[in-house]
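The chain contents come next:
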Amino acid sequence: MSSSGTYNTPCAACKFLRRKCMPGCTFAPYFPPEEPQKFFNVHKIFGASNVTKILNEVLPSQREDAVNSLAYEAEARIRDPVYGCVGTISNLQRQVQHLQKELDAANANLIRYGCGAYSSNALNSLGVVMDNPLIAAQIPIQPSLTARPRPAPVGDGLGGGFYQNYPLPYPLPWSDTDHYANGGEGGGGGGGGRGGQM
Amino acid sequence: MSSSATGTSRCAACRNQRRRCPTDCIFSPHFPSTDPERFDAVHRIYGASKVAKMLEEIPPEMRGPAANALHFEAKCRIRDPVYGCVGIISTLNEEIRDTGTELAKLRARVAFLASGAQERQLGQDYTIVDDHWTEQQQIGNVVL
Numbered sequence: 000m001s002s003s004g005t006y007n008t009p010c011a012a013c014k015f016l017r018r019k020c021m022p023g024c025t026f027a028p029y030f031p032p033e034e035p036q037k038f039f040n041v042h043k044i045f046g047a048s049n050v051t052k053i054l055n056e057v058l059p060s061q062r063e064d065a066v067n068s069l070a071y072e073a074e075a076r077i078r079d080p081v082y083g084c085v086g087t088i089s090n091l092q093r094q095v096q097h098l099q100k101e102l103d104a105a106n107a108n109l110i111r112y113g114c115g116a117y118s119s120n121a122l123n124s125l126g127v128v129m130d131n132p133l134i135a136a137q138i139p140i141q142p143s144l145t146a147r148p149r150p151a152p153v154g155d156g157l158g159g160g161f162y163q164n165y166p167l168p169y170p171l172p173w174s175d176t177d178h179y180a181n182g183g184e185g186g187g188g189g190g191g192g193r194g195g196q197m
Numbered sequence: 000m001s002s003s004a005t006g007t008s009r010c011a012a013c014r015n016q017r018r019r020c021p022t023d024c025i026f027s028p029h030f031p032s033t034d035p036e037r038f039d040a041v042h043r044i045y046g047a048s049k050v051a052k053m054l055e056e057i058p059p060e061m062r063g064p065a066a067n068a069l070h071f072e073a074k075c076r077i078r079d080p081v082y083g084c085v086g087i088i089s090t091l092n093e094e095i096r097d098t099g100t101e102l103a104k105l106r107a108r109v110a111f112l113a114s115g116a117q118e119r120q121l122g123q124d125y126t127i128v129d130d131h132w133t134e135q136q137q138i139g140n141v142v143l
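Residue numbers (numbering that gives the first Met the number 0), protein chains in the order written: chain A, 0 to 197; chain B, 0 to 143.
Just chain A, with the same shape it has in the complex (with noise of 0.2 Å):
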C-alpha cells in the first residue's frame, strides 16, 4: 500500500513505470513497493495495460483475488516459458491419476479383506467351504469391484476423465501439439473445438 503522509511512496508499479503514483491509483494497493518482483512478472507476461482491464473487468472485492491469480499465473510462466500453469496443472493431474490408482487397489483389498478371504490353499487344508461365491470360483478381485465410483472418460479422454467432480473447463492441449506448425490438421485449437464443454 502507498503510504500516504508528506510524500507518497510510489506503489512498485508506479516505481517501475517511473510515473507519479497518484492517490487512487489502481495498481497501489495490490503492488506495494516491497514486493517489486510481483509487479515485475506480471508486467513482463500480461502488460500493464492488459492488467488494467482485467482488473476493470472484475468486482472491487475480487481484485486482489485477480492480482494474486495473475502474479501466480506470471511466475509459473516465467519459470516454465513453454507450458507456464498447464505444466503445474500436468503435474497435478498425474498426483491425481496415481492416488486414484492407490485408492483401487485400497479398495480392491478391502473387499478381499471384508469377504474374509483366505489363499486357497488354506481352504482346502481347512476343509472350509466359502458362502463367497468370489472366493469359491476363486475369481480374481477386479479393481472394478470397487465401491468408489470412476469418472467416466470425457471425449477422447484428454485429462477431462477425472473432472467429472471436479471439472475442467477444457480439455488440456497434451496431444494437440504442432497441429498447426505440421500443417493444419485440426480444426479448433487447444481443445477450442469442444468450445467450454465441461
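Keep in mind that the hints were calculated from the coordinates and are not lab data. Incorrect hints may have been included.
Cβ-Cβ distance ranges computed for the label pairs, FRET-style [unchecked claim]: (1) B/21 / A/17: 32 to 40 Å; (2) A/22 / B/22: 46 to 54 Å; (3) B/51 / A/101: 17 to 25 Å; (4) B/111 / A/79: 39 to 47 Å.
List time: in silico DSSO-like cross-link candidates among lysine-lysine, alpha-carbon distance up to 27 Å [claimed, not checked]: (5) B/104 / A/43; (6) A/19 / B/49; (7) A/14 / B/104; (8) A/19 / A/52; (9) A/52 / B/49; (10) A/52 / A/14; (11) B/52 / A/43.
Far from chain A, some chain B residues (derived; all Cβ distances over 12 Å) [said to hold, decoys possible]: (12) 14; (13) 17; (14) 18; (15) 19; (16) 21; (17) 22; (18) 48; (19) 92.
Note that the coordinates shown come from a computational prediction; the quantities given were computed from them, not determined experimentally. A virtual CB, placed ideally from N, CA and C, is assigned to each residue, including glycine.
Dock chain B against chain A, hints included.
Same frame as chain A, but now just chain B:
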C-alpha cells in the same frame, strides 16, 4: 498457412492486426486464419507483442506447445477473470487432498482387517496341528 505474395491468406494474428503477413511470421504456424478465436483469446489477455516476445524466447520446436498453453490459459482467464487457470490448480489440489485422506482411511481399515484375518488364520493353523497330532497318536496306537 500464410502467403505474403497474394496477401489473401494472412494468419489470424496479421489479419487481426491488419498488416501484411510475412513469410517468417512468428504467429502464422500457430494461429492460422481458420481459427480466429484462438488468436483473439491470447490477444485479449496477453496482447500481440507480448505473445510474439514470449514465442521468440522459445526454441521453434517448442512454440506449438507454448501457443497451445497460452491459448488454454487465455480461455480460462476469459471464462474466469478472477482466477483463470489458477482456479483449476486449486480444484486439483483440493481433489488430491480429499483423495489422499480417503486413501489413508481405507489403508487404515485394510490394515485393521488384515490383522484380524491373520489372527483367525493362525488360530485355525493350530487346529490343523492338533488334528495332525491326534491322527499320529491313533496310528501309533494301532502300530503298537
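### Message
Would the hint linking residue 104 of chain B and residue 43 of chain A be met if the CA-CA limit is 27 Å?
### Response
violated, 45 Å
### Interface-negative label, residue 14 of chain B against chain A, beta-carbon threshold 12 Å
holds, 15 Å
### Query
Hey, does residue 21 of chain B actually stay past 12 Å from chain A on C-beta?
holds, 17 Å
### Task
Mind checking the hinted window 32 to 40 Å against the Cβ distance between residue 21 of chain B and residue 17 of chain A?
Between residue 21 of chain B and residue 17 of chain A, where Cβ atoms are some 33 Å apart, the hint holds.
#### Entry: Status of residue 92 of chain B, Cβ more than 12 Å from any chain A Cβ
violated, 7 Å
### residue 52 of chain B paired with residue 43 of chain A [C-alpha distance capped at 27 Å]
Measuring from Cα to Cα gives roughly 10 Å; hence the hint holds.
### Task
Measure nothing beyond the straight line between the CA atoms of residue 19 of chain A and residue 52 of chain A; if it is 27 Å or shorter, mark the hint as holding.
holds, 20 Å
### Query
Is residue 19 of chain A close enough to residue 49 of chain B, meaning Cα to Cα at most 27 Å?
Distance ~25 Å between residue 19 of chain A and residue 49 of chain B Cα, so the pair holds.
### Query
Would residue 19 of chain B pass as off the interface with chain A, using Cβ distances and a cut of 12 Å?
Correct as stated: the minimum Cβ-Cβ distance to chain A is 20 Å, above 12 Å.
### Query
Is residue 17 of chain B truly not at the interface, in the sense that its beta carbon sits beyond 12 Å from all beta carbons of chain A?
At about 19 Å from chain A, residue 17 of chain B clears the 12 Å cut-off, so the statement holds.
### Verdict for residue 51 of chain B, residue 101 of chain A (Cβ pair) under range 17 to 25 Å
violated, 44 Å
### Query
Between residue 22 of chain A and residue 22 of chain B, does the C-beta distance stay in 46 to 54 Å?
For residue 22 of chain A and residue 22 of chain B the Cβ distance comes to about 51 Å; the hint holds.
Of the numbered hints given earlier, the model fails hints 3, 5, 7, 18 and 19; all others are met.
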